[in-house]
Amino acid sequence: MRKNLLLVLSTTVILIIAALLVSNLSSPPDPLTTELETADYPKAMTGLNPVLLPKADWQDFDGHVFDPARFKGKYVLINFWATWCPPCVTEFPELVSFTAKHHQDFALILVSNDVTADKARDFFNKQADDIQKYMRLPEVIQIHDPKGAITRDVFQTYRLPESYLLDPNGQMIAKITGSVSPAQFDYIETLLP
Amino acid sequence: MISKISNGFLSLIKRAAAPAVTFYVLPYLILLLIAGTMAQKWIGLHGALEMYFYSWILWLGPLPLPGGLITMGALFINLLARFIGYSIWSFSRIGIHLAHFGVLLLLIGGIVSSLTRIDMVIPATEGETFGSANSYDQSVFTVFENDQPVLVADFVSLASGNLTNTELPFTLNILETCLNCRIELRPPQTAEDWQGPATKMMLVPDIRNIDPEMELPGLSFEIQEQKYLTFLGFPKPPKITLGDNSYRFEIRRKAHPLPFEIKLNDFEKTVYPGSWQPKSYHSDIEIIDGDLRFPARISMNDPLTYKGYTFYQSSFQVKNDGTEISVLAVVHNTGRLFPYIASLIIALGLILHIIIRSRGKFEPQTLKVTALFLTFLLTALPGSAQAIETGTDFASLPVLHDGRIKPLDSFARVNLDIFGSQGFVNDSANQILAHTLFDPASAIEQPIFRIKNPDILRALGLAGNPADLHSFAELHPGLQHSEDRFKAALEKQETGQDLDQFEQDLIGIHSAGLYYLQLLRSFSFTLPLEGSNDKALTRYTDLQQNSARLREQLNIIRSRTDDPEELSDTEREIARQNYQLATIGRSGQNNILFKVIPVQADQLQLVSPWQVITGGFGTPDTARFMSLWTDLTLAYQADNQPAWDQIVHELQTAYNTDYNGTALTGEYYYNQIQPFKIALGLALLAGGLLLIAAIQNSALLTRAGYGLALLSVIFQGLGILARVLLLMRPPVGTLYESVLFVAFILGTGLLLCRNMASGRAIVSGGFLTLALLLLFGQSLNQSRDHLQMLDAVLNTNFWLATHVLVVTMGYGWCFLTAVIAHIQLIGAARLPQPLNRDWTRPVHLHALIALLLVTIGTILGGIWADMSWGRFWGWDPKENGALLIVLWLLWLLHARLSRHVSALYYVAGMAFLSVIVMLSWFGVNLLSVGLHSYGFTSGVAAILFGFIFVQTVIIALLLILIHKNGAAENA
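Protein sequences, first through last, are from chains A and B.
Heads up: take any position in the first sequence, counting from 1, add 22, and you land on the working numbering.
Heads up: take any position in the second sequence, counting from 1, add 327, and you land on the working numbering.
Hints in this document: simulated from the structure, not taken from any laboratory.
It should be emphasised that the depicted structure is a prediction, and the values quoted were computed from it without experimental measurement.
Chain A regions said to be covered by chain B (calculated; three or more residues, Cβ under 8 angstroms):
#1 69-82
#2 166-175
#3 195-202
Below, a list of computed lysine to any residue pairs in the SDA-like style, where the Cα atoms sit at most 25 angstroms apart:
#4 A:77 with B:873
#5 A:141 with B:887
#6 A:169 with B:902
#7 A:169 with B:947
#8 A:141 with B:879
#9 A:94 with B:947
#10 A:141 with B:874
#11 A:141 with B:884
#12 A:169 with B:911
#13 A:169 with B:851
#14 B:581 with B:616
#15 A:148 with A:116
#16 B:596 with A:71
#17 A:77 with B:947
#18 A:169 with B:866
#19 A:169 with B:880
#20 A:141 with B:869
#21 A:141 with B:880
#22 A:169 with B:873
#23 A:169 with B:874
#24 A:169 with B:869
#25 A:141 with B:902
#26 A:169 with B:913
#27 A:96 with B:947
#28 A:148 with B:874
#29 A:77 with B:868
Built from N, CA and C at the ideal position, the CB exists for glycine as well.
All chains, please: the whole structure from these sequences, using the hints.
Next comes the structure, spelled out in structure tokens:
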């Protein structure tokens, strides 16, 4: 009799423990502790492990050497382009306008892959007056890379346009393949103070 | 009167509890299970469920047989009657009672589930909110009045004729309904009176689809002498206007309202790097319940339960416009908790029973082996973070292939497998790979494609040769010539038709050719251009750099003339350069095979060099690797060994920052050593030596045999450990791996049995079986990469570790039981001995352990299925296979208890367990149906049926021999 009682009791205890364990499976999640990841970057923008800008021979169309460190403290976009690249040509005035709007905190380094400087200069002269005015801002730099020494050899850019975003510490934090899209412009704006 | 009724009731319980019921019903259930499983291939899962498992009567032509519900009902009543009326309540039987109680609870849960369960689905796009979920297969005919539903009728309840009891202001006459319709063009002469799209199309009843979800219910109807049709998902449902009201007629999936709303905020899917194979996917949702709102994540194997509704991440779809749809399965099941509780009780009961019944019967080795298993289970759990170390040579460099990072050595071996020449060429796989990558011009002359099929040789215009080996240069013209036939065969394959051997081989050789082309062109951007006179433009990348100028120059030339004869040398050079730019560029566009360049794109992964050039993956980080691989190419072409060594070393150093050089080198050595081949050889030697030792009664040979057996098991264990470390997951994710693991369990168990009576014979026979198992495993080449990645549903280490490990341990122990049974039978055939219950004890104990492992493993599988697919048990072939083993064991064990079978036939039945396991393990995969059809094999059928035939003959012969020498009379 005692044995049977023990049996029944132990079975009941096991059932209760099992029910309690299993009931945990059906409780709703604690809304305060559930974490969700959010997307960091807009489409076609890839986050990079922050790394300092590699060394390169940054020369403008007049042969003057430029040091990107000059823009420390600002966000910088390095854009690789050429006059024979239609999407590059389309986004060119948009990039310049954006820089003019935010030049306190943002700078633009345009790296032209045109073989001859004349082609690029012709292109500049055909820009609208306000764009030509903005191009003269100290925050807009024109680099000439006729042999692709910077574009291909250093940055491994084989298709244009491509851009790299640098943070105020001079570290590359993101890469954009193709043209800079409105979503990407918006994203960059959110970074600016 | 009352005592009469009471006596009658007790008599009824006695009959219901009779052991004979168990003895006769269980094998019938086994037959039903086998028939219902095989039938799924032809009538589908739903058809099999309706006909076999969830039917009261199974009609075999005019013959009525008990269906699944009657059979399981009989077992339930039998067990219940026995449990209540005839259980001997003692401590020694507590395990059995708990197990029986658990089974009763499981069956009760099944009844509750079948009565209350509702399965639904929500196909959600981001941003959508749902207050209901749709049925999978039930549809409703809905009439909308000004976009408000005024009539909702179950589709199956509709019949031809006027719809009655509606508040519609018109008469709706149903002309015809079809549960599964086919849409055909309407002959113009019959278009009169039909409206809208119905003038051009008509619905024709089609045969029922084995999958109700794929069916297209539709109907035609008439209103005021105008005829219309509508069907499920019709983009232009018929509309009419009467007065101020507009009416729309649709067929939709039946919606079940939810007591809350669910909103999909985001759906994310990750693939294995460099492949399309989904690694995992999840939905971030928000539950909106009145004022309460909270976010949650639903992912594979991690459902969400709220207010009795469980949401599972079932799958996803991608629309033509690229929009992703997250498919959430929703289950409302009052009986959901029963299997969990029942499973715990059954497992506890079985464990208790074995412990209680085997007191004093286990040798000390048991504890050591148990400790070994537990240690092993721990090693099977996910490992810790990787350490960074340096690799040693080219073969250990990392490449991303088939969704995982592997050393070039593994990649090279896979290549040879694809070409069919693994083991048939003199050069090593790595040498052939290097030759192909870095010197493609001469590599195409190397005979590395093995073709044996004479029809294929003929189709490719090739002459056979003794080695059956051919180079790509020989192959290429034939591949071009047979391209149409290849495309036709591909189309057949894509539409699910069966292919004959020629078509299969044709697809194989063409695929191998395309694969080889990708390899050949991996570094074409850096190889010297043919016939180049321009020192500045010697490579494709140089051409690309000057592409604008070259195109401009070509345009100028073309504006002058189109005749190549009129071109100057310089102009010809420009034309050639443009041509090379175009063709090399085109060939590089889809060159994604040789993924060795590390890039940071959402996550660290490897891409091919061409992807860097054409896919925008280049960053300053890739420059170093591109440069090193280019230098490696040049060193190879210049035959410069010191430069090669130096560059390989630099590459190793560069890779080791982010990739585990130790794991890669480890895999390289794993490939070289091939521990399972060594284990196979040792097992054969051990089995043979022990057989001779048994015949000659030699102690020395016995010790040597046991030593070799132990060595074999050690090699297997090390091999499995290596796989665990290399893949960082439990070692039973694929069919091949399950074979390796079962063999290991069998080997370990056999070593445990060496001190049993006839232990030498048991171990000998067992290791020979083990060798066969390993050999069989080698033939299971379902993936050329034996260290392959897993489908998303398997990619969950905890359930993988528990369910699959336990169930494969169960298979191993079943094999062990069968081996022991065979040895018992052989012993009885050789020497007459008393075949009584004592004689069955060695088999009996191991059978109990096998039952425990397979039962727990099956139950864990049910829990895993509930987590992943929303149902504990679905009568899937693999599940049925596992149940088959359990039922077989239960039947024999109960028959032994009730003495319905003699000791001899009990042991013979346990010997036949090997066949049951093989049917469950491999046989179900041959059906290629169901959720478990990921273990696809081909050519295994012959081996399987051969094994069944041989086993049956052996057991039958042994029984005949035993009967002949009169031993059976003692049973």
